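Protein chains in written order, with the numbering used here: chain A, 294 to 896; chain B, 5 to 110.
Read the hints as simulated data drawn from the structure, not as lab findings.
There could be a bad hint or two in this list.
Claimed, not checked - Here are the computed distance ranges between Cβ atoms for each label pair:
#	chain 1	residue 1	chain 2	residue 2	range
1	A	S324	B	A67	28 to 38 Å
2	B	V91	A	S808	27 to 37 Å
3	A	P339	B	L43	57 to 67 Å
4	A	R332	B	V91	41 to 51 Å
5	B	Q63	A	E331	24 to 34 Å
6	B	A67	A	T884	31 to 41 Å
7	A	P798	B	Q63	39 to 49 Å
Computed from a prediction, not measured in an experiment: that's the story for all the values here.
Every residue, glycine too, gets a C-beta built ideally from N, C-alpha and C.
Now for the letters of each chain:
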Amino acid sequence: MSGTVASKTRSYREATARERLAQLLDAGSFSEILGPTERVTSPHLPLLGAPLAFDDGVIIGRARLGGQPVWVAAQEGGFMGGAVGEVHGAKLTGLMACAEPGQPLLLLFESGGVRLHEANAGLIAVSEIMRALLAARQRGVPVLVLIGGANGCFGGTGILACCANRIIMSEEGRLAMSGPEVIETAHGVEEYDARDRARIWRNCGGKQRYLLGDCQVLVPDQIAAFRAAALAQLAQLSQLGQLDQARQSGQIGKSGQRPQSPDNGAADGIGLSLYGQTQEQALLQDRLQRFGGMDDALAIWQALGVPQFDELPMLAADAFVAHVARWRVDPASFTGWPVSAPVPALATAVAETAAGAAGAGVETSTKESWQELAQALFPAGFSITRHGEFLSGTGQVGAQTVAVIGTCEHAEIGVEIALQQAQAVLQVIRQSPGRAILLLVDTVGQRLRQRDERLGINRYMAHLGKCLELARQHGHRVLALVYDQALSGGFLTSGMMADECYALPQAQIRVMALSAMARITKVAEPVLQELAQSNPVFAPGVENYWKMGGIAMIWLNQLDTALMQALAAPATGDTRAKLGHERGARKAAWTIIEQVRHNVAPA
Amino acid sequence: MESLQFRFSAGTRRLVGPPVLVGVVGSGNLEVLLESQNLAGACEIDIRTQSHGFGHIWQAVLADFHEKWQLADAKISINDVGATPAVVGLRLNQALESAMAQGAAT
Numbered sequence: 294m295s296g297t298v299a300s301k302t303r304s305y306r307e308a309t310a311r312e313r314l315a316q317l318l319d320a321g322s323f324s325e326i327l328g329p330t331e332r333v334t335s336p337h338l339p340l341l342g343a344p345l346a347f348d349d350g351v352i353i354g355r356a357r358l359g360g361q362p363v364w365v366a367a368q369e370g371g372f373m374g375g376a377v378g379e380v381h382g383a384k385l386t387g388l389m390a391c392a393e394p395g396q397p398l399l400l401l402f403e404s405g406g407v408r409l410h411e412a413n414a415g416l417i418a419v420s421e422i423m424r425a426l427l428a429a430r431q432r433g434v435p436v437l438v439l440i441g442g443a444n445g446c447f448g449g450t451g452i453l454a455c456c457a458n459r460i461i462m463s464e465e466g467r468l469a470m471s472g473p474e475v476i477e478t479a480h481g482v483e484e485y486d487a488r489d490r491a492r493i494w495r496n497c498g499g500k501q502r503y504l505l506g507d508c509q510v511l512v513p514d515q516i517a518a519f520r521a522a523a524l525a526q527l528a529q530l531s532q533l534g535q536l537d538q539a540r541q542s543g544q545i546g547k548s549g550q551r552p553q554s555p556d557n558g559a560a561d562g563i564g565l566s567l568y569g570q571t572q573e574q575a576l577l578q579d580r581l582q583r584f585g586g587m588d589d590a591l592a593i594w595q596a597l598g599v600p601q602f603d604e605l606p607m608l609a610a611d612a613f614v615a616h617v618a619r620w621r622v623d624p625a626s627f628t629g630w631p632v633s634a635p636v637p638a639l640a641t642a643v644a645e646t647a648a649g650a651a652g653a654g655v656e657t658s659t660k661e662s663w664q665e666l667a668q669a670l671f672p673a674g675f676s677i678t679r680h681g682e683f684l685s686g687t688g689q690v691g692a693q694t695v696a697v698i699g700t701c702e703h704a705e706i707g708v709e710i711a712l713q714q715a716q717a718v719l720q721v722i723r724q725s726p727g728r729a730i731l732l733l734v735d736t737v738g739q740r741l742r743q744r745d746e747r748l749g750i751n752r753y754m755a756h757l758g759k760c761l762e763l764a765r766q767h768g769h770r771v772l773a774l775v776y777d778q779a780l781s782g783g784f785l786t787s788g789m790m791a792d793e794c795y796a797l798p799q800a801q802i803r804v805m806a807l808s809a810m811a812r813i814t815k816v817a818e819p820v821l822q823e824l825a826q827s828n829p830v831f832a833p834g835v836e837n838y839w840k841m842g843g844i845a846m847i848w849l850n851q852l853d854t855a856l857m858q859a860l861a862a863p864a865t866g867d868t869r870a871k872l873g874h875e876r877g878a879r880k881a882a883w884t885i886i887e888q889v890r891h892n893v894a895p896a
Numbered sequence: 005m006e007s008l009q010f011r012f013s014a015g016t017r018r019l020v021g022p023p024v025l026v027g028v029v030g031s032g033n034l035e036v037l038l039e040s041q042n043l044a045g046a047c048e049i050d051i052r053t054q055s056h057g058f059g060h061i062w063q064a065v066l067a068d069f070h071e072k073w074q075l076a077d078a079k080i081s082i083n084d085v086g087a088t089p090a091v092v093g094l095r096l097n098q099a100l101e102s103a104m105a106q107g108a109a110t
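Bound conformation, chain A alone:
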């Protein structure tokens, strides 16, 4: 810290977030927004007797990198594992709104995801960051994520990372969804041994992510190496931004076709595109088909054809990159399918179609809850097909046809069902311009399996979230209705990506059961139960999510009328923080987002 060891080999992993920024950015260029002297700390942690940090575990501000103005954020993994609470999240959301077109966002992520001490507020905060990040990209803000801290990049932050344009990782960094401890707790040590470090890094360490094409660059664990890679990536992204502008002004290409160039052949532009998401769908589907049946990353590396694949974990970063250059899945040259052709269908379970015409019921004696729901929503008729736990089809609202995409039976969101939903969204964009989308949410969250983690379930979920954002950008209204259960990750990239999320009164929304929360936060369950009575931040339930702004409205009855009114209202952008402030249960977020947004400190 004292500046005497600012050598070229200084470890990124071992440094604090502030040390990383000091050495990554141009010397003396960093200007912090809402820094520690402002003491904007968590309003929720004191109630649990938990320690506070003066910056709530995230540093945000503006700086220069190679002379270029950038906006930066760095999460401190040492404070609560870098997890996202209300204040922490609001600082990030506000920062996303600061960046102007062409000004890159540099995100140094190190986080376990949602901060369980602030469960509900943290979950909504992650969703707000996600929407703000994708909105920034849409404005032409390149987003670059750096991952190399000891705590990795997990949960909601693992999804957020995959919403960026580019990711730079070290071998030591990890990028995934559920941590090994969580999976071991859920399914036992036979499913995932949280102490088997070699296996964990094979599943989600930087090398695996580089081989599968989830990160663009793998660097040694040195701050200087991250800086050099960031400079190179920003230069490429700047070119990409210029191509975007040229395309928008009609000088090159059209209809989603991107011009070919060495580094953006199959990549997105700065913003999302139908072309980019179609390619990502193809890439993720290809990965699932080739590697979905394998039970160790070594088998994947062998299948890729990498020589001496079993020695990869021992190679230094530079030697590794050279060794695998021919064999890795390179996201920049993955060609997938022709842009014009639809992505091949996924293998799915036997379909059951339920259709209801006006006045006619479904011809079964035991109607499932989603069928009853569909009849209440679409008395004028619907045709919805169920493939396993995945629902898709259409419903009639007056003269309007609405696309229905969703899950049932408390679906676990694994890589398959995330892809199915994403594919359905892409089909609506392609085939039914402007058609409104209604997401029917019933999920117990992401599937907690080692295999899904190995495949990179966080990226599958991010892809679904991006497809929904793309639909919004293409002028589709996107509404969600939680009709049964909604938990954590599964909810983040479905219902919470909608323009507005609604819920039925009997629905269950939560991050995690109080008992599990007690185990992880080390706060006694009776204490949490008591807090849950008076404090919506800790308690599950639709009512609390409404008070915090996460649910726009609870639909009590006359669902068809409620849906019609929701469809008729114009989309208003992400108003959840404002609602949470007005309804009184999430007071800090809106104020902080506004404070950061209006910060105009010179760089």
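Knowing the structure of chain A, use the given hints to seat chain B on it.
For chain B alone, coordinates are given in the frame of chain A:
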């Protein structure tokens, strides 16, 4: 959590330059925020710690610190998660050295 306040007077060393933050609020560690503030020549130290009942140890460590640096018009704020006295001393000195490197003390 336990809150502790200490105040030392008759210091002679005034800090100039921007505030300094060192350390991390993690297990066995602490963060120290050092700011120059007009306190009628005093050095005030506010502590929020997860370890209860160690006021006398803090008193001893901080007295040593004050004797060494003689800070005046300085505000030190600490968030602690059970750091040992050695770590506390290390962080305090680190904060001071950092402040002096950045702004030069008088």
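Next on the checklist: Of all the hints numbered above, which does this structure not satisfy? Sort the numbers upward.
Outcome noted: Hints 3, 4 and 7 not satisfied by this model.
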